[in-house]
Amino acid sequence: MRSRADISAQELALAAALLAFASCLGLAEATMLPPFPVPGVRIGLANVAVVIALVTLGGRWCITISLMRVVVVGLATGTLLGPVGMLSAAGGAAAAGVMLLLARSRAFSVLGVSLGGSVAHVSAQLVVAVLLSGSTAPLLLLPLSLALSLPSGLVIGYSARLLLSRLPSRSLSAV
Amino acid sequence: MTPADRLLLVALVALAVLAVPITRLAAGSSAGTAIVRGPDGRSVIDLSENATYRVQGRDGEVVLRAVAGAVRVDSSTCADKLCVRSGALRAGRPIVCAPNGVTVVFGRVRGGELDAVSR
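Here the protein sequences come in this chain order: A and R. Numbering-wise (my numbering), the first sequence opens with residue -13 and increments by one. Numbering-wise (my numbering), the second sequence opens with residue 1388 and increments by one.
Just so you know, the hints here were simulated from the structure itself, not pulled from any lab data. Each residue gets a CB set at the ideal place from its N, CA and C atoms; glycine is no exception. Heads up, some of the hints might be wrong.
What the hints assert, rightly or not - Non-contacting residues of chain A with respect to chain R, defined by C-beta distances greater than 10 Å in every case (computed):
(1) -4
(2) -2
(3) 50
(4) 54
(5) 73
(6) 83
(7) 90
(8) 95
(9) 120
(10) 123
(11) 133
(12) 149
(13) 151
(14) 152
(15) 153
What the hints assert, rightly or not - Not the full set, but computed from the structure, chain A residues with beta-carbon under 8 Å of chain R:
(16) 70
(17) 97
(18) 102
(19) 119
(20) 132
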């Protein structure tokens, strides 16, 4: 029988691996892929790791990994303490929170959870853009942002589902 | 996909489609002038003149270039340069430089002066 300490160590190891995975994906996207010309809209590759964390480790780790990933990528790109860091943190927190709520409802699959997270990410960043600019003009980008975030959410959801299907079943836990 | 997934997808697509006419109405259309809003205030630029305008943002300077009735961001000190990549201002598609807190939309301001924009 595994002790509580063993389970915690296993969780910690998986969480660290997922944080590293999320940070690598986030850095690769930030430095190598051209961003969409709309604030807040991106493919969100790092969200693959966050969705996997939600399914395998639960909500607490999902939110922790999402926010820690923002810190790691922000430190690496030098944007942590600026407005870009605020946008990233708001998007990451909103996405993790909405994904957690959707997952806890047990009505949605990984695809629906990812879709909700992608839309929450974009919406939160538009709200922060409104606060930063003191203008409601960023909200005019809502239709375009939504239209671009939906395929992103589906792609991330399918990718997470594919990777989850390769994980040993004992590392999967209920949300 | 579960039924809830499909319902969520349909609802979000419907929201995106419904938001188009609403934001188009709110955005207005080109009236020959554009409103620039930055941390230091709001200003109007005349799009009929070819000119370069400098706006002081939170993180540095945003340079706008008005040419042939269109305006676009020429350069910006922000990290991601999304405002530069977003191209010319269009109805329903404002220019937003979120890191610098600068937005540009079509419109007029009564008695508007170039108080926050230097040419």
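The hints, checked one at a time:
1. -4: At roughly 29 Å from the nearest Cβ of chain R, residue -4 of chain A sits farther out than 10 Å, so the non-interface label holds.
2. -2: holds (31 Å)
3. 50: holds (25 Å)
4. 54: holds (20 Å)
5. 73: The assertion about residue 73 of chain A is violated, with a minimum of 6 Å to chain R.
6. 83: holds (16 Å)
7. 90: holds (13 Å)
8. 95: Incorrect as stated: the minimum Cβ-Cβ distance to chain R is 5 Å, not above 10 Å.
9. 120: violated (7 Å)
10. 123: Nearest chain R Cβ is 4 Å from residue 123 of chain A, so the label is violated.
11. 133: Non-interface label fails for residue 133 of chain A: nearest chain R Cβ at 5 Å, not farther than 10 Å.
12. 149: holds (18 Å)
13. 151: Answer for residue 151 of chain A: holds, closest chain R Cβ roughly 15 Å.
14. 152: Correct as stated: the minimum Cβ-Cβ distance to chain R is 20 Å, above 10 Å.
15. 153: At roughly 20 Å from the nearest Cβ of chain R, residue 153 of chain A sits farther out than 10 Å, so the non-interface label holds.
16. 70: Hint holds; residue 70 of chain A Cβ to chain R Cβ min 5 Å, cut 8 Å.
17. 97: Holds, because the Cβ-Cβ distance from residue 97 of chain A to chain R comes to roughly 5 Å (cut-off 8 Å).
18. 102: Hint on residue 102 of chain A: holds, closest Cβ of chain R at ~6 Å, below 8 Å.
19. 119: With a minimum Cβ separation of about 5 Å from chain R (threshold 8 Å), the hint on residue 119 of chain A holds.
20. 132: Holds, because the Cβ-Cβ distance from residue 132 of chain A to chain R comes to roughly 4 Å (cut-off 8 Å).
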